[in-house]
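Trainee: Given next are the chains, with one letter for each unit.
Protein chains: 4
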Amino acid sequence: MSHKNREEQTVRENMHEIIFGAHTFYGWLFDMALLVVIVLSVISNSLETVAGVKDLWADGLFWASWVFTGLFTVEYALRIYCVKKPWRFVFSFWGIVDLLAILPEYLIFLFFSSGGHASAFAAVRSLRLLRVFRILNLSWFQREGEDLGNAIWRARGKVVVFVMVVMIIVTIAGTVMYDVESTFDPNSKFTSIPMGIYWAIVTMTTVGFGDIVPKTTGGQFISAILILVGYSLIIVPTGFVSAEVLDRKRRRVISTVSCPSCFTEDHDDDAVYCKYCGGEM
Amino acid sequence: MSHKNREEQTVRENMHEIIFGAHTFYGWLFDMALLVVIVLSVISNSLETVAGVKDLWADGLFWASWVFTGLFTVEYALRIYCVKKPWRFVFSFWGIVDLLAILPEYLIFLFFSSGGHASAFAAVRSLRLLRVFRILNLSWFQREGEDLGNAIWRARGKVVVFVMVVMIIVTIAGTVMYDVESTFDPNSKFTSIPMGIYWAIVTMTTVGFGDIVPKTTGGQFISAILILVGYSLIIVPTGFVSAEVLDRKRRRVISTVSCPSCFTEDHDDDAVYCKYCGGEM
Amino acid sequence: MSHKNREEQTVRENMHEIIFGAHTFYGWLFDMALLVVIVLSVISNSLETVAGVKDLWADGLFWASWVFTGLFTVEYALRIYCVKKPWRFVFSFWGIVDLLAILPEYLIFLFFSSGGHASAFAAVRSLRLLRVFRILNLSWFQREGEDLGNAIWRARGKVVVFVMVVMIIVTIAGTVMYDVESTFDPNSKFTSIPMGIYWAIVTMTTVGFGDIVPKTTGGQFISAILILVGYSLIIVPTGFVSAEVLDRKRRRVISTVSCPSCFTEDHDDDAVYCKYCGGEM
Amino acid sequence: MSHKNREEQTVRENMHEIIFGAHTFYGWLFDMALLVVIVLSVISNSLETVAGVKDLWADGLFWASWVFTGLFTVEYALRIYCVKKPWRFVFSFWGIVDLLAILPEYLIFLFFSSGGHASAFAAVRSLRLLRVFRILNLSWFQREGEDLGNAIWRARGKVVVFVMVVMIIVTIAGTVMYDVESTFDPNSKFTSIPMGIYWAIVTMTTVGFGDIVPKTTGGQFISAILILVGYSLIIVPTGFVSAEVLDRKRRRVISTVSCPSCFTEDHDDDAVYCKYCGGEM
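Residue numbers (my numbering), protein chains in the order written: chain A, 1 to 281; chain V, 1001 to 1281; chain B, 2001 to 2281; chain P, 3001 to 3281.
With the rest of the complex left out, here is chain A:
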């Protein structure tokens, strides 16, 4: 390996630590800067759709949009440059998210440069926010995020069963409501079974928009029952997540230490002597 290559190698490694890591000061600074740019770019994109703001600052927002895209493009290039296996990165989850953060801007420029309708890409652009998770994951809140994720993961079986039970109930309730309402109310907004299911989801989760409401006595009676069932159901998974969290908390505190003399467990983290045999820990 030539001297130049070795030097480049070191540059790459340092860059990798800054761009992908978060333990060094410059890595932390890079993450912070990236976070600010992401949030600013999302705010700027949002403002572009507000009628009053667009009229006033159209030019500013247009240029801001390109500045952000430029920064993200440079960042994307640097990421590819400093990883050891560029293609693997490009096709990884975060690689695709990074690409999606910049691609829409170029596509809009190429195909809608005359100012045509480009909003279909705005949604893709908002996926940029997903990148915030990467930053969070790297540096702060990692343990908190892990705890939350673990609790959900460990309760996943119950959550899946719960969601399936909810789906079955809303499907049956939506069908019954469509039947009852569309039969007895000619102007019913329950125009189809999928509409009934949409209403049942909105109702059972206590969102209750009120755009579609039962007008017939029978429909209102069935609604009341569905609402009470939904109100009771939400209680159950809450209890399970609470239990998972608490259980995990207890295990972490307890099961890590065991007495070297009598091999008992269940000692606190700050125990100096065994609480059962009095032997030194």
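Only pairs whose alpha carbons sit at most 20 Å apart, straight line, appear in this in silico PhoX-like list of lysine-lysine:
no. : chain 1 : residue 1 : chain 2 : residue 2
1   : B       : Lys-2189  : V       : Lys-1215
2   : P       : Lys-3189  : P       : Lys-3215
3   : V       : Lys-1189  : B       : Lys-2189
4   : P       : Lys-3189  : B       : Lys-2215
5   : B       : Lys-2189  : P       : Lys-3054
6   : P       : Lys-3189  : A       : Lys-54
In short, the hints are calculated from the structure, not lab data.
Based on these hints, arrange chains V, B and P on the given structure of chain A.
Mentor: Positioned in the frame of chain A, the structure of chains V, B and P alone reads:
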């Protein structure tokens, strides 16, 4: 028993294992296929009621409906064939659900073949989804379902008391609101006490459709109190289910240690002597 | 005491046991019958206000109303007859509730016999439902009701603080929203500060009727913050009630038994031998 | 120090105990009186904005407003008088809140004496309610408030992560909904991305005003998913707060036993030897 009978017997037993069981590969495959067919038939039935879709695919959906019914009929016949006591199956809970999954189609064909209004049967048809519970119960999530069911079952006393308290509160609140609103607002949508109770249920559970709202100052004041009561009440049963779940979890953790003398389980982690026989652990 | 008096005394005592008690078969039967009559009378009163039903069954409902009132009057008289200190009963909480269950009917008859507007009394009439609590309290669910009541009672300090915090937040939020909305939107439905507070309560508790909604950008921004605060706040008291329930549960299971040999506690209810010293319990 | 000065010193100290303290009877009385005046002044300010009430009691409310301001001014002067470092108090958090409680009234008098629009100050005036927290903090509920505060504080990491996750989800959901709805529904109320985010917050937290609702099939489908995600998400932090509260409670229970040798606390109920010094318990 003749050879042929014995052979038939074996065929029946194998079929029983495939159709009713879930522990063999073919049993799992059968359940999966059934699950897919049930979900597809429900989606197909739902789409039939969507104006735009019906116009486009009317024929396709009509034939799909009959294909699904045919499959369910064959399945129903096979279930009757391979159980030992057919009549007991037919009048069992799942036997009736299976019959309700196919009957409406035939009744619609017989009585509404001219294309008349058949939606009354659509609701019955959606009961097919209940069959998903049987599949779930057999194969996956059995333990999760059991846990959920147990937690609800053990908290049933509290849930009943809670629901009764809620019913009494909504009845009184609904009556009071009907009085207040219908007295002071001539165009009130609180047209009767049952309507007031419907409103109270919708409000207290925080669904809040907004189709019926208090217009008078007195009514708004009573609403505010009812809402705050409802907001506080939901807390209580949540706590009880959490406690039930956690309690059960703790017991399960405990029961892994068993006494070497009398082989009983259910001992605490820190037990030195067996609490049943007094033998050293 | 004459023989007749003693006989009357016995009759009274037996009646007291049937009417006020719930441990004998006839006491249970009386409670059940009373429960049915109360529920029927409330349903009958509710139906009286439904336009369609009233037209059809006006006479039936009128007579039913008097039959129920007659039964409650007889019951009230019997209660007074068989208690030892009638006046104390009359002015007790349940005595007043019992009187309120029959009084409105007679007052309506006296003052509105010409068929005038009597709905003001309907609300009082619905207080009859409170009597269901007495029955529940006596016989079934007593322990469940006690548990629920205890959990709420023990968490009362937190509930009061929580309600006060909520009241302060909704008052400030309601005032701010009134200012913002009524200043920038001339047709605002935020017509006064009390209206703003009503809106804030409806919003923060996630009821969200939608009859009053912010129209200005500023108002929508403040709403979004208020909603997120409300969404986060509800979590807190839930946790506290869970903790109270669980704590109480643990104490009940644990602290009742202590070992007679080594005086240790923390034994399960079903322990035969002490888990610490092996001595018989 | 002269006799007069010393006397003044004593007067100041006594006043300080009454005004700032809550442990003496007069201190309690002062707090109670202040609480009543604050609540009355807020009610009076609220009523001023109600059209009907203002017409009737305009003069009364005007004078009441000045009486309350006068009382608060005297109180503010006394507070400055009896603290040792007046300027430090004036620029402290509570000093500013106290000033904000009286300043608006004088500013309105100076600049809007002709009866002009003064509502911008009404909001500031409502900050008076914050002073209730000071009273609560001093006297009652201090422990309850502390417990609530501690539980939130200890779960702050999770709450921050949770709020960030919610913010990211509502931003993406709001952008997607704006795209879908504004593309397919020309009269859509999803007029901009910020509007979409506002809708997503209102929906995901189950408030569901219903002022903005999806009209397109795609929008309703995305809504249903967002609602189910929101419904599932609220469960998670609830569990964490429950766990924090319970954990804290357990620790408090534990710490009542103290080691007879080294006087340390924080021992488990079943400890036989001190975990810090190894001495027998």
